[in-house]
Every structure is written in C-alpha cells, then in structure tokens.
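Asks: Sequence:
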Amino acid sequence: VKVIEEDTGEARWRATSALATLAKTPGNRGGMGRVPNLTTVLGDLMVIGQERKEDAKDDKEKEEDGKGNAESREDDNSTFLPGEDSMTRGTKSFDTLDDERMLTHTYTGTFTDGTGTTFTEDDLTYQSAYDSDHTDDEGDDEEGASDGEEDDEEGSHDGSHGGSHMGYGSGDDDGSVREEGVEMQISSLKKLNIENASDFLAKSQLSACATLTHMSKHCANAPVLCCNEALLANIIFLAGVFESPLHTRCLEMLCNFTRFPSNNALLAGTPKAVDTLLLCGRSKIPEDRMWSVRTIQNLCSDASSKVGLATGPMLSLLSTAAMRKDYEEQHAAVGALMNLSTEPGSIVPLTNTKTVVATLVHLAHSPNTPSAVRKIACDSLATIGLWLQTLASAGTVPEEIPFSPLPTHSATGWLRWDN
228 VKVIEEDTGE
238 ARWRATSALA
248 TLAKTPGNRG
258 GMGRVPNLTT
268 VLGDLMVIGQ
278 ERKEDAKDDK
288 EKEEDGKGNA
298 ESREDDNSTF
308 LPGEDSMTRG
318 TKSFDTLDDE
328 RMLTHTYTGT
338 FTDGTGTTFT
348 EDDLTYQSAY
358 DSDHTDDEGD
368 DEEGASDGEE
378 DDEEGSHDGS
388 HGGSHMGYGS
398 GDDDGSVREE
408 GVEMQISSLK
418 KLNIENASDF
428 LAKSQLSACA
438 TLTHMSKHCA
448 NAPVLCCNEA
458 LLANIIFLAG
468 VFESPLHTRC
478 LEMLCNFTRF
488 PSNNALLAGT
498 PKAVDTLLLC
508 GRSKIPEDRM
518 WSVRTIQNLC
528 SDASSKVGLA
538 TGPMLSLLST
548 AAMRKDYEEQ
558 HAAVGALMNL
568 STEPGSIVPL
578 TNTKTVVATL
588 VHLAHSPNTP
598 SAVRKIACDS
608 LATIGLWLQT
618 LASAGTVPEE
628 IPFSPLPTHS
638 ATGWLRWDN
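This note's numbering numbers the first residue of the sequence shown as 228 and each following residue consecutively.
Everything labelled a hint here was simulated from the structure, so no lab data went into it. A few of these clues could be false.
Below are the PhoX-like pairs computed for lysine-lysine, each with C-alpha atoms no more than 20 Å apart in a straight line [stated by the list, open to error]:
1. Lys499 <-> Lys552
2. Lys533 <-> Lys499
3. Lys511 <-> Lys552
4. Lys251 <-> Lys499
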C-alpha cells in the first residue's frame with residue numbers, strides 16, 4: 228500500500244500485481260479487506276487520468292473567470308511587479324496534471340551499491356544526472372588530451388615516484404567510477420519510468436481493479452467496500468465511462484455489493500448509481516447489460532426501495548431486457564419485475580407502463596420461453612392481479628347497491644333493451 232501511494236512507476240505496477248495475485252485466493256480476501264487504507268488507495272488509483280464531467284465543467288468556469296479577471300485588470304490599467312505570475316497573483320488556479328505528477332514523482336527511494344553506501348534519490352536526480360553525464364562526456368575529451376601531455380612530462384620523473392602516484396590515483400578513480408555507475412543506473416531507471424509512465428499506470432489500474440473485484444466476491448468485504456464513500460464514488464464513476472477498460476468490472480463490483488442485502492438500501496438511494504445502471508442496462512455489450520440487470524434485481528428485493536425504483540424508465544428497461552434472447556439477462560429482468568409486483572405501492576406504475584403487462588403475458592404463453600422464466604412471469608401476473616382485486620374490494624360501495632362477491636363476471640351497457 229505504501230509503494231502504491233508513493234510510487235508512480237514500475238514499482239507501483241508490481242505492487243498492484245502482487246495484490247491481484249493474492250486476491251485470487253478466496254482465503255486471502257477477508258484478511259486483505261481488513262488492511263487499513265488498501266481499498267481507498269486502489270480506488271483512487273483507478274480514476275487517475277479519468278476526468279469527471281463535473282470537474283471539467285468547474286475547470287472551464289475557472290478558466291472563463293480567469294480570463295474575465297484578466298480583462299478587467301487590463302481595463303483598470305493595473306500593473307504587476309516583475310516576475311509576478313498567476314501563482315502569486317491568485318487570479319488563476321494552478322492544478323498539477325496527472326502526467327506531470329508521474330514525471331516528477333516517479334521514484335522517491337534509495338539505492339545501495341552493495342558495499343553499504345546508500346544514495347538518496349530526489350525528484351531532480353534524473354535531470355541533474357542527465358546534465359552531469361553530458362558534462363562529463365564533454366569534459367572527458369579535454370581531460371584525455373591534457374592527460375596525454377602530462378604523461379609525456381611525467382615520463383622523465385623517477386619510476387618509483389610515478390608508480391606510487393598511479394597507485395594513489397587509481398583508488399580515487401575506482402570510487403568515483405563506482406559512484407558514477409550507480410548514478411547512471413538511477414538515472415536510467417528514472418528515464419525508464421518516465422518513458423513508460425502511461426503503460427505502467429494502465430497496468431497498475433487493471434491490477435487494482437482486479438484486486439477489488441476479487442475482494443468484492445467475499446461476503447465480509449461487501450459491506451466494508453460499499454460503505455467506503457470514496458471507493459463507491461470512484462466505482463460508480465468508472466462504471467459509467469464506457470471507454471474505460473475497467474468499466475465492466477466496476478459493474479460487476481456493484482452487483483457483488485448488492486449480494487449483501489444491507490447494501491441495497493444505500494445503493495438504491497444513490498441517484499448516480501441508479502442512473503448508471505439505467506445507462507449501462509442499454510449497453511450494446513451483453514455482459515454490461517447482464518451485470519446491470521442483476522444489480523437492479525437485487526436492489527428491487529429491498530422492501531424500502533421498491534416504490535422508488537418503480538419508475539417509467541426502470542420498468543421500460545426491464546421490459547426490454549425481459550424480451551431479449553440472453554437467458555441470464557431475461558431471467559434477471561423478469562425476477563426484478565416479480566420483486567416490484569410484490570409491493571402494493573408499485574402496482575400503479577406497473578400497470579401504467581404499457582409494456583410491462585404485455586411482456587409478462589407474452590412470456591407466460593410463449594412456447595419459446597424457458598420454464599423458469601415462464602413460471603416467474605405467471606407468478607408476477609398473478610401477484611399483480613391479486614393486488615388489483617384487493618384494491619377493488621377495498622373500495623367504498625354505496626349502501627343501496629346489493630352485495631355481490633367480486634368479481635361478478637357480468638356485462639354492463641347503457642340503456643340496453645334487454646328482454
């Protein structure tokens with residue numbers, strides 16, 4: 228977790244990959260769910276580089292405000308001190324981009340050359356090492372020429388004196404060469420992380436998503452993950468970004484959250500979650516639709532959420548999904564309609580939506596309907612009919628009307644000439 232928080236290069240990718248591998252084993256998921264800050268860090272990692280519409284709108288408004296302030300300052304003939312910029316004036320906000328953060332915070336650790344000497348790395352090491360390498364290269368040619376001249380002059384000196392001089396110089400050279408080699412290694416690693424920053428980020432995000440997906444399949448983790456507001460917001464956001472490779476897996480995580488009954492009221496009461504499910508339920512990708520409708524089915528099983536979920540768009544989506552040929556999606560959609568039909572307060576929306584009853588009747592009588600789906604469709608129609616009969620019997624009947632059990636099965640007409 229510490230590496231994922233502080234590193235933005237290959238080390239972060241390796242750390243997330245290790246977590247994903249550990250989470251594959253069901254026995255590890257419960258213990259990982261108890262690690263402090265693990266899920267929050269992984270959730271924040273998944274949304275790096277993903278710009279929210281609200282954030283883009285705010286940035287645009289800030290930019291327009293900044294332009295307006297700049298124009299007003301020009302009109303007022305205001306002057307600034309030399310060297311003053313937007314950071315000091317406070318008229319324009321400066322937000323560090325994710326790519327810039329990846330370039331400036333690639334590595335903040337230490338390297339050891341194996342002899343006990345530790346070399347500390349900071350954010351400017353790559354640039355300074357790069358400059359020093361070029362400076363050293365340029366200086367080597369000049370030093371080589373001067374060394375040649377000095378060697379000619381030193382040839383006249385005493386051999387023992389020259390030997391002792393060469394022996395003393397070689398020790399310093401070995402130490403400097405060793406230090407330069409380590410610095411070159413550090414700078415090469417730095418350069419590698421910078422050049423492959425986007426690839427390392429994408430791989431890290433995939434591994435982080437895989438880790439959370441595995442963890443969400445553990446019953447004890449479901450309420451913990453769902454109650455993490457930051458993590459839930461990131462998952463809902465990514466579930467609605469169809470271009471993201473994490474999109475489908477985030478939908479699967481939402482579905483796993485609903486498998487724990489206590490989470491359903493929270494998710495059903497989150498408008499962004501419901502809107503995202505409605506959007507993904509119309510996706511062209513069958514797996515997206517399946518996870519969305521399964522999630523809706525579980526949400527509709529919560530007694531306190533049925534009335535709020537029985538809306539026109541939701542019922543239309545379920546009716547369309549119930550008519551599809553994919554069995555998993557069809558079964559989940561009819562199951563969701565069955566859950567809604569058990570609530571008296573949702574009877575009016577169910578009957579007002581013209582496609583609901585027609586869809587259930589078609590599924591109940593079609594020979595191509597799977598037996599399990601047909602049984603649920605018949606049960607839903609019987610439940611709707613029971614509630615309608617209950618509503619009819621609960622109506623106030625005038626006293627002068629003779630009592631008769633319902634239904635009467637009698638026809639009515641206006642001023643008919645009956646025999």
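Asks: Could you run down the list of hints and mark each one as holding or not?
Replies: Hints and how they fare:
1. Lys499 <-> Lys552: Violated, at about 28 Å.
2. Lys533 <-> Lys499: holds (17 Å)
3. Lys511 <-> Lys552: holds (14 Å)
4. Lys251 <-> Lys499: violated (30 Å)
The structure fails to meet hints 1 and 4 from the earlier list, while all remaining hints are met.
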